[in-house]
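Starting from the known structure of chain A, fit chain B onto it as the hints suggest.
Protein chains: 2
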Amino acid sequence: MKISIVGLGLIGGSIAQGLKSKHQITGFDPDKNTQDQATKSGINIASDLNTCVKDAELVIVAAPTTQSEEILRELKKINFAAIVADICSVKAPLLIAAQGLNYVGTHPMAGSNEAGFSSANKDLFIDAPWAVSVVNETNKEALAAVINVICELGGFVVPVDPHDHDESVVLSSHLAHVVASAYAKSVGESEFAQLAQLLAGGSFRDLTRVTTSPAERTAEIVWPNRKSLSRVVENLGENLAKLQNLLDQGSQADIEKFLASASSLRTISDATLANVKNKQGNKVVSKIDNLVSDFLKYSKSRVIASDFSITNSEVSYLVNEI
Amino acid sequence: MKISIVGLGLIGGSIAQGLKSKHQITGFDPDKNTQDQATKSGINIASDLNTCVKDAELVIVAAPTTQSEEILRELKKINFAAIVADICSVKAPLLIAAQGLNYVGTHPMAGSNEAGFSSANKDLFIDAPWAVSVVNETNKEALAAVINVICELGGFVVPVDPHDHDESVVLSSHLAHVVASAYAKSVGESEFAQLAQLLAGGSFRDLTRVTTSPAERTAEIVWPNRKSLSRVVENLGENLAKLQNLLDQGSQADIEKFLASASSLRTISDATLANVKNKQGNKVVSKIDNLVSDFLKYSKSRVIASDFSITNSEVSYLVNEI
Numbered sequence: 001m002k003i004s005i006v007g008l009g010l011i012g013g014s015i016a017q018g019l020k021s022k023h024q025i026t027g028f029d030p031d032k033n034t035q036d037q038a039t040k041s042g043i044n045i046a047s048d049l050n051t052c053v054k055d056a057e058l059v060i061v062a063a064p065t066t067q068s069e070e071i072l073r074e075l076k077k078i079n080f081a082a083i084v085a086d087i088c089s090v091k092a093p094l095l096i097a098a099q100g101l102n103y104v105g106t107h108p109m110a111g112s113n114e115a116g117f118s119s120a121n122k123d124l125f126i127d128a129p130w131a132v133s134v135v136n137e138t139n140k141e142a143l144a145a146v147i148n149v150i151c152e153l154g155g156f157v158v159p160v161d162p163h164d165h166d167e168s169v170v171l172s173s174h175l176a177h178v179v180a181s182a183y184a185k186s187v188g189e190s191e192f193a194q195l196a197q198l199l200a201g202g203s204f205r206d207l208t209r210v211t212t213s214p215a216e217r218t219a220e221i222v223w224p225n226r227k228s229l230s231r232v233v234e235n236l237g238e239n240l241a242k243l244q245n246l247l248d249q250g251s252q253a254d255i256e257k258f259l260a261s262a263s264s265l266r267t268i269s270d271a272t273l274a275n276v277k278n279k280q281g282n283k284v285v286s287k288i289d290n291l292v293s294d295f296l297k298y299s300k301s302r303v304i305a306s307d308f309s310i311t312n313s314e315v316s317y318l319v320n321e322i
Numbered sequence: 001m002k003i004s005i006v007g008l009g010l011i012g013g014s015i016a017q018g019l020k021s022k023h024q025i026t027g028f029d030p031d032k033n034t035q036d037q038a039t040k041s042g043i044n045i046a047s048d049l050n051t052c053v054k055d056a057e058l059v060i061v062a063a064p065t066t067q068s069e070e071i072l073r074e075l076k077k078i079n080f081a082a083i084v085a086d087i088c089s090v091k092a093p094l095l096i097a098a099q100g101l102n103y104v105g106t107h108p109m110a111g112s113n114e115a116g117f118s119s120a121n122k123d124l125f126i127d128a129p130w131a132v133s134v135v136n137e138t139n140k141e142a143l144a145a146v147i148n149v150i151c152e153l154g155g156f157v158v159p160v161d162p163h164d165h166d167e168s169v170v171l172s173s174h175l176a177h178v179v180a181s182a183y184a185k186s187v188g189e190s191e192f193a194q195l196a197q198l199l200a201g202g203s204f205r206d207l208t209r210v211t212t213s214p215a216e217r218t219a220e221i222v223w224p225n226r227k228s229l230s231r232v233v234e235n236l237g238e239n240l241a242k243l244q245n246l247l248d249q250g251s252q253a254d255i256e257k258f259l260a261s262a263s264s265l266r267t268i269s270d271a272t273l274a275n276v277k278n279k280q281g282n283k284v285v286s287k288i289d290n291l292v293s294d295f296l297k298y299s300k301s302r303v304i305a306s307d308f309s310i311t312n313s314e315v316s317y318l319v320n321e322i
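Going line by line, the protein sequences match chains A and B.
Using the working numbering, the letters of the first sequence correspond one by one to residues 1 to 322.
Using the working numbering, the letters of the second sequence correspond one by one to residues 1 to 322.
With the rest of the complex left out, here is chain A (with noise of 0.2 Å):
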């Protein structure tokens, strides 16, 4: 297939990486160091957008959200018709700039506390899952195709409705970077802060890794949603406070129950991923006709879906409900 990838960082740049054995790979990124480093690496490199998505059968859109809008307004001025993609961390924003473009909206859950294309690599993806937005407007060979790619790249595919993503993402990522940043930044204010740094344990350790990730880029990601995170960064707040409270005038047990009743989340999580990458679920097999109905239905009902098998009339997967 003859794809395009419109910006070569972290992300665009391992998709670049996976797809390029497998495909007839293109890339533009306007930064001329990257273009180097993409061109070294084997990756035909275009000198332009226009040029980039010539003739491309698929063109995935890897820039920041507010490039992604403006490269989707670009596409449809020139009245792109081929599969568009792109793997913003919002996706309701996305759909809107992507309308009357064939487009399917996809947000991969890998990443790294380093950028660029010189920390972009080939297994990023592999068991990550990916968040594929569906609307009754998506269109199946669109859909098939991305999410043929995603499965070369070795992920799981979690059909999303774009509105629900976005609410979702705001706690399972932008909600954990600005509470890492805030206790990182509580840390740091107290008298003890270096012996702190001195006595880093495991706990430390995993609460601090994503504040190493640049500020820019996260803040950049958090942006588009900041409604939503200012509700749930309340909601966090107030869990505190009740803890503080327990902390002041409740009991250990107070304590052990508050921690007892945060720990399935987790649990629950490892659980059903581990059943995908040993791929267990309930075996679907369906009409291709029928791939966007059963996504839409899927979108609503919570489930990571593997195992693709898809031909021209007919599709089969493994499905996993949490």
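Hints should not be assumed to be uniformly reliable.
The list cannot tell twin chains apart, which means a pair is met if one copy fits it or any two copies do.
Said to hold, decoys possible - Cross-link-like lysine-lysine pairs, in silico, DSSO-like; alpha carbons within 27 Å at most:
(1) K2 <-> K300
(2) K257 <-> K227
(3) K257 <-> K22
(4) K22 <-> K287
(5) K242 <-> K227
Just so you know, the hints here were simulated from the structure itself, not pulled from any lab data.
Here is chain B on its own, set in the frame of chain A:
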């Protein structure tokens, strides 16, 4: 050396496993199942505390805080004269319980979300910071013996004042645990919790890992420090409120500034530990007579010490200041 280990959970068990090839180890644990497991793995088990500590040159108390305080009082009752150490996550209360004993308080910054002797392993402490509490009354031979054991287990020594230690682990460990739980609670309370669990990427995984630790153990660990913990939880709540204000009223650049201000904490901690692992640092050669007074100074200037060589007259080691 004849070393007795009282309490054979994850920490005590791992110490026993790590020292059994070099020392004559006797263990005691009230749990019958633990006794059987430890015996099977080649550790000599005593039937009670008194039998366990009889003839010991060093006793390491590796029980939960409340039990450890009781064990120290038991040892005082029998006028136990050899060296006594503990591994509790608070040091000031233990110092009081140990008054009259030849005592050195310690706290290894290593652990796991698992618990019990079955999870113990001799490599648990490799490259782990290990707090060693020093006060005017600390005996130099006792301090040297404890340092030796920590080095044999692969750990690095962080000399601490017991009160400073307690304030610092509230930040580096206890706050991290309760914040992770509050984060998981807030995610779990949302109507989008299930989708968030499916879209679990690196940030979600990092933030929730410690929530799978046994709630009973974490509650037991944080409880003695609840006053300090309440204070830092409040400070974190204030930082979250500031962040919320920036999300509501500020700009993307404000969010970026907030995130950037938090990133150095982990970077500095990593860089210091990397120096220690690579055997870089300032070499100190000193008389063994100065060991306690040198450590008292370090306990205020925030150093991590490694690569010890201790004889009857001299001690040499590397120090890295943060």
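Hints and how they fare:
When the C-alpha separation of K2 and K300 is checked against a cutoff of 27 Å, the pair qualifies neither within a copy, at 33 Å, nor between copies, at 63 Å. In the homo-oligomer, the alpha carbons of K257 and K227 lie at most 27 Å apart only across protomers (18 Å), although the nearest pairing inside one protomer, at 31 Å, exceeds that limit. In this homomeric assembly, K257 and K22 never come within 27 Å of each other (Cα to Cα): the closest approach is 52 Å inside a single copy and 42 Å across copies. In this assembly of identical chains, the alpha carbons of K22 and K287 lie at most 27 Å apart only when taken from the same copy (26 Å versus 67 Å across copies).
Within a single copy, K242 and K227 get their C-alpha atoms as close as 23 Å, and across copies as close as 15 Å, so both meet the 27 Å cut-off.
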